[in-house]
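Enquirer: Sequence:
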Amino acid sequence: MWKGELHFQRCTWCRTAIFRRLLCPACASTDLTTERSSGIGTIHHVSIMGRNVGRPWALATIRMREEFSIRAKVLDVYRAHVGAVVCLDSGMEAGSQQISFRPYDAPARAKSAPTRK
Numbered sequence: 001m002w003k004g005e006l007h008f009q010r011c012t013w014c015r016t017a018i019f020r021r022l023l024c025p026a027c028a029s030t031d032l033t034t035e036r037s038s039g040i041g042t043i044h045h046v047s048i049m050g051r052n053v054g055r056p057w058a059l060a061t062i063r064m065r066e067e068f069s070i071r072a073k074v075l076d077v078y079r080a081h082v083g084a085v086v087c088l089d090s091g092m093e094a095g096s097q098q099i100s101f102r103p104y105d106a107p108a109r110a111k112s113a114p115t116r117k
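For the sequence shown, counting from 1, position 52 maps to 52 in the UniProt record's numbering; every step adds exactly one.
Hints were generated in silico from the structure; no laboratory data involved.
Just the calculated beta-carbon pair ranges, DEER-fashion:
#	residue 1	residue 2	range
1	CYS27	ILE99	24 to 34 Å
2	ARG15	ASN52	36 to 46 Å
3	ARG55	CYS27	39 to 49 Å
If you're wondering where the values come from, they're calculated on a predicted model, not measured in any experiment.
All residues carry an ideal CB built from backbone N, CA and C; glycine is no exception.
Using the sequences and the hints, build the whole thing.
Expert: Rendered as structure tokens:
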């Protein structure tokens with residue numbers, strides 16, 4: 001059931017992070033634990049689809065902060081480019097298998113007040 005979270009697996013033996021696999025690709029172990037992802041990653045490859053029909057959408061390979069990769073749809077196709085930081089879109093419908101991301105606008109840091117001497 002979709003809860004607005006992205007989970008991945010981590011190999012207990014070599015600590016490699018993977019997404020939806022039966023075996024660790026690094027050491028072939030089947031001893032995998034499930035962890036929750038931060039949901040934030042960087043686009044490493046992007047393909048724009050549907051331009052000819054007037055409804056473009058982006059399919060991207062995203063490298064997550066936890067060091068695993070995932071292919072997913074990116075909303076706001078005009079801001080989807082290599083190097084863009086994206087976050088998991090929590091607006092998915094219940095029961096949907098489609099994982100989608102949107103551009104991540106990091107919260108602005110609070111400016112510290114200047115100190116007086």
